[in-house]
Amino acid sequence: MSSSNSSNNFGKLRAVANLTMTINTGETYGLIGPNGSGKTTLIRMMVGLSRPSGGTITILGERMPSRKVSPRLGYMPQLSALYLDLTAKENMRFFCNIYGLRGKEQSRRIQEMLERVDLADRANDVVGKFSGGMRQRLSLACALVHGPRLVVLDEPTVGVDPELRRSFWDYFAQLNSEGVTIIV
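Every letter in the sequence shown is one number past the one before it in my numbering, and letter 104, counting from 1, is 90.
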């Protein structure tokens, strides 16, 4: 991932100003700053949901926004993108279908990710009845189910208990060792 003089404006407000940076494959990179400092705006530019007002962002060799990146990108937004009237497994199946995972591979990845986020026993429960932390865990599973090469997570451990938070960070380290880049 690289950014070259990227900026993003909302009218007269400059949310991101002339950002130049490079994140190497297999690294975890943290975006740190106070509320309103432009972190989420930068993330939205990285995943192609917002165009830079100036400069360029390149993800996995493609200038953003680019549809070519989507199958290799996992994104967990700050606010849940889950369907509350579906079960955990149905939500996972929905995201698998978007990424082209079908059949046995889909079933295997869903089970693997539900176990990873400690929700396998709640797979058939409606998400609307989940706690905030459980929804956060399921959102992470949905972002990772297709085995992306770049993962962008906006506050992934909010509402998650300390033990599971540690498990997440251990898993992120494992993903790094497999060449997956993570931006938090």
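By construction, these hints were calculated from the structure, which means they are not laboratory data.
Keep in mind that this is a model prediction, so the values were computed, not measured.
Do not take every clue at face value.
[Said to hold, decoys possible] Heads up, simulated PhoX-like pairs for lysine-lysine below, C-alpha to C-alpha not over 20 Å straight-line: (1) 25 / -2; (2) 75 / 54; (3) 115 / 75.
Does the structure keep residue 25 and residue -2 at a Cα separation of 20 Å or less? At roughly 18 Å apart (the allowed maximum being 20 Å), residue -2 and residue 25 satisfy the hint.
Pairwise hint evaluation, residue 75 against residue 115, where the allowed Cα distance is 20 Å at most: holds (14 Å)
Assess, step by step, whether the Cα of residue 75 is no farther than 20 Å from the Cα of residue 54, and give holds or violated. violated (27 Å)
Going through the hint list in order, the structure does not satisfy hint 2, though it satisfies all others.
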